[in-house]
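Visitor: Residue strings, one per chain:
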Amino acid sequence: MDLLAIAFYLLALVACVSAFMVVIARNPVHSVLFLILTFFSSAGLFVLLGAEFLAMLLVVVYVGAVAVLFLFVVMMLDVDFGSLRQGFVRYLPAGGVVALVLVVEMSLVAAAIAGKNATLRAPSTNGVSNVEQIGRVLYTDYFYFFQAAGMVLLVAMIGAIVLTLRHKPGVKRQDIAAQTARTEASGLRLTKPATGQGISE
Amino acid sequence: MMPSNLLQIAAPELILAIGALALLVLGAFRGNRSTLLVSILAGLVLIGAAAAAAVAPLGPIFRGGFVSDEVSRFSKVAIYLMSSVALLLGERWLNRLRAGQFEYPVLILLAALGMGMMVSAGDLISLYIGVELQSLALYVLTAFRRDDGKASEAALKYFVLGALSSGILLYGASLIYGFAGSTRFVDIAHAVHTTAAPVVLIGLVFLACGLAFKVSAAPFHMWTPDVYEGAPTPVVAFIAAAPKLAAMVLFARALLEGFPDAIDQWRQVIMTIALISMAVGALAGLVQKNLKRLLAYSSILNIGYALMALSTGTQLGLQAMLVFMVLYMIDSTGAFATLAALSRDGKPMETVGDFAGLSQERPTLAIVLTVLSLSLLGLPPLSGFWGKFYVFKAALAAGQWQIAVFGLVASVPAAFYYLRIIKTMWFDAPAGRTDTPAPDAQAVAVAAGLWSLPLVLVGLAFLDPLAALAARAFGLS
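Protein sequence lines correspond, in order, to chains A and B.
With the first letter of the first sequence counted as 1, position 37 gets the number 37 in our numbering; the numbers rise by one all the way through.
With the first letter of the second sequence counted as 1, position 132 gets the number 132 in our numbering; the numbers rise by one all the way through.
Derived from the structure by calculation, the hints contain no laboratory data.
Please note that the accuracy of each hint is not assured.
What the hints assert, rightly or not - Listed below are the simulated SDA-like cross-link pairs for lysine to any residue, each with C-alpha atoms no more than 20 Å apart in a straight line:
hint : chain 1 : residue 1 : chain 2 : residue 2
1    : B       : K347      : B       : N290
2    : B       : K150      : A       : I134
3    : B       : K157      : A       : L163
Claimed, not checked - Partial chain A-side listing against chain B, Cβ under 7 Å, derived:
hint : residue
4    : V14
5    : V61
6    : D141
7    : Y144
8    : G150
9    : A178
Glycine residues also receive a C-beta, built at the ideal position from the N, C-alpha and C atoms.
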């Protein structure tokens, strides 16, 4: 058993266990922390596959942005997680049966494939680095998917604005054009108050 | 190697995408004052896209990621025209509730773009992106009246269950990719032709489950009644029509182009889903008091018929599915337009009891709703009958008489709930005065009613050869 295999089994085990802990952890903050651990282990698996760019993306985007955002939301929302978990025991048998069926199916498939001596091959890289490989196909072969995914993100952005933006009346805004266009005549008013009365405004 | 006429082939989608972006900028600068202008322009963009789809050259582009053929041409014209009807219904309706925003037409355009990408998907990635683009736009449209608690609840349910179904779909897609080593349907078909291993069949079942959710086929229909009840009525009219056709065509393309050699396996899956859909749609509709929920179960029942046509896997079956879905879209839009037109004291009329004695109060709309109910029921010679006629003919020609008999039996309880609406409208004591119907929604409803009765007999003469031409695209027997 070489070092690569040991690293694979270690990372895969940590990924599976921490993914399971995300679901069963009692404290939601712990759930998010386990989620981050899952992402880290998956990033390690990507490195083993020779996809170090994807591994880096996973750490930067998912751990750095998404999971931390999750953590903020979980900490800021005042949700009674105790009451959310009430149905857990009631739904456990049904959920357990579904999970069992899936596990049996997948192991049958795995056994069928293992029986045929199939091996997992990483795509050959020909000495080209990860980033270069992605760069070569992203705007050529995958141009359509890349642009279409951009439209999906646009819809998400429009949706977020439509559903949450509220224009409050009476908010004072800075109008730079009006500020710079101010002249002596529009910005200054000379008055001559009567003695002892002051300005009423 | 890209064909030189790439821009012409993708013209309908380019018109939609650029139109949506331009209108978004226009709306962002001019604010909600420009809602009417943006709606009118969006309608023109949709009609332009439909016209472009009708004349654009055909062929696969983007290395097979985007396939333009007779099927996609047929469905795109239908989808874009139906989407413009949703614009017409929604603009004034939202305005009356002071909930009009310029994003509504933009989101309809983007949903239509997603549907166009769905019917043209030749690859698992473009399948997924198309489905997501369409679904995300629909989630937002469902929650468009964000201060309405029911609409927000419906949107949240739709979103969470939609995300789950997307996860299932992606899981299936990853299994298929792992087996075939490619995401293109053509390559998958080639790999399946060589060996149909169990792993690819499991992937296929997951993919079918994800797509069944999108067409709201039972047992993946749980979101449908809640979303139909909670969402704004014009949005429901939209969700119930064009996205269903897009998802059915996508279903047909994924199965017939990607897995033509595994037909014996997927036929069982589709048949089972069709049977459950017909049973659930027919029986659960019986106990519904709310008309929007009732129409939701009616749509589940009708998707069952469409899936029955798909399960034949023949050219005749595909043609029947296309004709059936187009006729159903018009009926269903008409029914929801009737609901959008009617209100009592400013509140929408939604329960069956609200419609008591409508024939004395609003005879035009009562006649329209009667015609549409009878059409959904499948009474000859209304349009719904012709749709079912095609489906049953295709099922019998493929030797699937058992499922055809089941479909006939399922339409008996369904007939009961359609007839109950008619009885309530014509023979019950009036439930009180209604407001003056909205002219735009009433016009759409009357148009759909007219199509159902006399016009369909002429229209079918055009629809039939077009659908037959479209169905030939997959090269089936």
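Visitor: Does each hint hold? Answer for all of them.
Guide: Results of checking the hints against the structure:
no.: 1; hint: B:K347 to B:N290; verdict: holds, 14 Å
no.: 2; hint: B:K150 to A:I134; verdict: violated, 45 Å
no.: 3; hint: B:K157 to A:L163; verdict: holds, 16 Å
no.: 4; hint: V14; verdict: violated, 21 Å
no.: 5; hint: V61; verdict: violated, 18 Å
no.: 6; hint: D141; verdict: holds, 6 Å
no.: 7; hint: Y144; verdict: holds, 4 Å
no.: 8; hint: G150; verdict: violated, 10 Å
no.: 9; hint: A178; verdict: violated, 18 Å
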